[in-house]
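Numbering (the UniProt record's numbering), first residue to last: 1 to 122.
To be clear, the hints were calculated from the coordinates, so they are not data collected in a lab.
Just so you know, not all the hints are guaranteed correct.
The following label-pair restraints were derived from C-beta to C-beta distances [claimed, not checked]: (1) A77 with E57: 28 to 36 Å; (2) R22 with G86: 18 to 26 Å; (3) G95 with R120: 16 to 24 Å; (4) A37 with S117: 37 to 45 Å; (5) A118 with E36: 33 to 41 Å; (6) I35 with A91: 30 to 38 Å; (7) I104 with D62: 22 to 30 Å.
Ideal placement from N, C-alpha and C gives every residue a C-beta, glycine not left out.
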Amino acid sequence: MTITLDRPLSTDIGEMLHDRHREAVEQHAAQIREIEASRRSVQDVGDVVDLGSRAAETSETDMVAEALHQQVLRLEAAIARHEAGGFGVCASCDGEIPAGRLEIMPWATHCVPCGQSADRRR
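Kindly generate the complete structure, drawing on both the sequences and the hints.
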């Protein structure tokens, strides 16, 4: 079953997923470029304080890059579910995932009640 959003969007769901995926890939690539530039500039560090500051910035940038990478993977999975006809169907109860949830988190695999149950088990 494929879910359609209640409110009209400027594009269909598949296009929205591909657009969000492209944006996430671009953001991830920009973050990787920033990491590489930061690592190259470590050679220009003046003192220990500068080195510590750059290490903290690099760590934060690495975490952002990893989060963006995970978002890319979740969007790829959402695209695959959409193409297979299972987008918008809860993986636990086979119920409909609300359109509002899918607009905010298109990678959602659970309806709100099942998602909350899964969160409590973690």
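Now for the hints, and whether the structure bears them out:
1. A77 with E57: 28 to 36 Å: holds (31 Å)
2. R22 with G86: 18 to 26 Å: holds (22 Å)
3. G95 with R120: 16 to 24 Å: At 18 Å between Cβs, range holds.
4. A37 with S117: 37 to 45 Å: Taking Cβ atoms as reference, A37 and S117 lie about 43 Å apart, which means the hint holds.
5. A118 with E36: 33 to 41 Å: holds (36 Å)
6. I35 with A91: 30 to 38 Å: holds (33 Å)
7. I104 with D62: 22 to 30 Å: holds (26 Å)
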